[in-house]
Amino acid sequence: MFTETPLIRRKLRNEFAAKCVFGLMALAMVIPLLVIVGYLFWKAFPLLSWDFLVTNPTNGMRKGGIWSAFLGTLYLVGISLCISAPIGVLAAVYLNEYARENWFTRIINLAVVNLAGVPSIVHALFGLGAFVLFAGMGRSIIAASLTLSIMTLPVIIASTKEALSAVPISFREACWNVGASRWQTIRHIVLPNSISGILTGVILQVSRTAGETAPIMFTGAVFFKKISEGNLFAYNLKDQCMALSMHLYTVTTQVTEAPAALPYAIATVLVVTVLAVNALSIGLRVYLRSRKKW
Amino acid sequence: MLMEPGKKIEVRDLRLAYGAKEVIHGISFDAYRNEILGIIGPAQSGKTSLLRCFNRTIEFTPNVTVSGVIKVDGQEVSRVRNVYELRRKIGMVAPLPVGLPLSIYDNVAFAPRTAGMRAKSDLEGLVEKCLRQAALWDEVKDRLDSLGTKLSGGQQQRLTIARALSHQPEILCLDEFSIAIDPVTTMRIEDVLKELKKEMTIILVTNLVQQARRLAARTMFLWKGEIIEIGPTEVIFSDKPANRKTYEYVNGIFG
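Going line by line, the protein sequences match chains R and G. Residue numbers for the first sequence follow my numbering, so the first one is 1 and each next one is one higher. Residue numbers for the second sequence follow my numbering, so the first one is 295 and each next one is one higher.
Careful: at least some of the hints might be erroneous.
Unchecked claim - Distance ranges between label pairs, derived from CB positions: (1) Asn357(G) x Leu280(R): 57 to 65 Å; (2) Leu390(G) x Leu125(R): 47 to 55 Å; (3) Lys315(G) x Leu110(R): 24 to 32 Å; (4) Leu12(R) x Ile473(G): 53 to 61 Å; (5) Glu464(G) x Ser170(R): 22 to 30 Å; (6) Ala166(R) x Tyr326(G): 54 to 62 Å; (7) Leu280(R) x Arg309(G): 52 to 60 Å; (8) Ala474(G) x Pro86(R): 38 to 46 Å; (9) Arg437(G) x Ser165(R): 43 to 51 Å; (10) Met481(G) x Arg285(R): 43 to 51 Å.
Hints listed in this document are in silico derivations from the structure and should not be mistaken for laboratory results. Where a beta carbon is used, it is the ideal one built from N, C-alpha and C, also for glycine.
Input sequences plus hints: build the corresponding full structure.
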């Protein structure tokens, strides 16, 4: 009984090896993040200051800060999410909770999957045609935000559907059996138990929107713009704006004799902003999950 | 429409198909007021589908076609406009206990609330009554605000029964309620059912033929979507039921 045969020893050895390999791979995910953030900070250090954040670029972007680009990114991300999050979540609720399986919903689902796979430069051209030219918005924050929301919409729909379908079907059946309507079931059971997953999916889109350059280049972002410093409402929806991602591109490729630390400082601000939003999302997720009830 | 006295549910020539596959082949039977009608039969004989036709939750399954007539209190269910009221008239208990991710209190108060009951005193009274009826009150009365999903399996099944009673149904359908719970709890619930019979019609779908024998006044043997035999329980379980198959199934020599 319970003797250690060679077979068992091999099994244990394999078990240990598998655990090590998988663990190392998981660890490998963390290393690039730490290296990137550390390297950025190290390179950007001479320039980082509060003034850098809240002053406009000057001297052909060689001096000054990044205020107009930073605020522009906040506007683009904020407005595009305000458009795509409600539409995406509501559409996903419809697709997951109401729609029956027929040719119509199959087409919608197919569209969602395929739209999620369209390259961002194609979205940019669509935005240029649809919003800037056809709808007559011109190159503006609103046109760029709409383009970004078209881009994030399918991903939000997909992630929301995922979160909704994680709520067991038996909960819904129990509600229907006692005479609750679909909406009452969604309102009282499905949404409260999927909200953490829905929010996570939405907030993850922040990092994507903040980093995109192509869709805003044609539709509303400019190389340089001066706005009133430190004023959070300095942009108008009809204005064109600067954006961090595009500013980074400009400074590295178009501006000669820029200080060496400048691109790194811009990248640092971009990364830290995105990480801050993600940290917020993690906090929210932990809080909401602690209230999850099964 | 005149209602025949005593008949609570009438089923006439009910056919049900999932896609092209017919699973109920035109069955007809009645269920009377204040009786327990046992439905026995092996898996895949259409028992659960039948129950889901009563309260029309079958409509949530895609590609289902139902034909024939089901009347509850003389009213044809397929013509009912207020399907939510129909569903509140019928309490449903599923094979596996489902505690909604709410507190014990809210689990039971959910149905009356969705029906518009708001007054706290009404709700509290109703919750206590239902939990008592389901033989759960004594175990949970001190922790009504803890989660229903944290109860044990047997307690959750009784919570499910309490929830099914919370909308004050006139018909109670139990679908193999005892497969996930221990024998002691099963016996307690069976006692509860004998009490509830005085107030409502009970349809008891069960895999345990002895359970039907203990509880049901009449028993129906459903096999592959057809009624093999329906009649008084003592006939079904006697040595000479009308159909040989019934005898074989009940005595476990079914091949």
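Now for the hints, and whether the structure bears them out:
1. Asn357(G) x Leu280(R): 57 to 65 Å: Taking Cβ atoms as reference, Asn357(G) and Leu280(R) lie about 44 Å apart, which means the hint is violated.
2. Leu390(G) x Leu125(R): 47 to 55 Å: The hint (47 to 55 Å, Cβ to Cβ) holds, given that Leu390(G) and Leu125(R) are roughly 52 Å apart.
3. Lys315(G) x Leu110(R): 24 to 32 Å: Between Lys315(G) and Leu110(R), where Cβ atoms are some 27 Å apart, the hint holds.
4. Leu12(R) x Ile473(G): 53 to 61 Å: 39 Å, violated
5. Glu464(G) x Ser170(R): 22 to 30 Å: 25 Å, holds
6. Ala166(R) x Tyr326(G): 54 to 62 Å: 43 Å, violated
7. Leu280(R) x Arg309(G): 52 to 60 Å: 56 Å, holds
8. Ala474(G) x Pro86(R): 38 to 46 Å: 41 Å, holds
9. Arg437(G) x Ser165(R): 43 to 51 Å: 32 Å, violated
10. Met481(G) x Arg285(R): 43 to 51 Å: The hinted range 43 to 51 Å holds for Met481(G) and Arg285(R), with Cβ atoms some 45 Å apart.
The structure is inconsistent with the numbered hints 1, 4, 6 and 9, although it conforms to all the rest.
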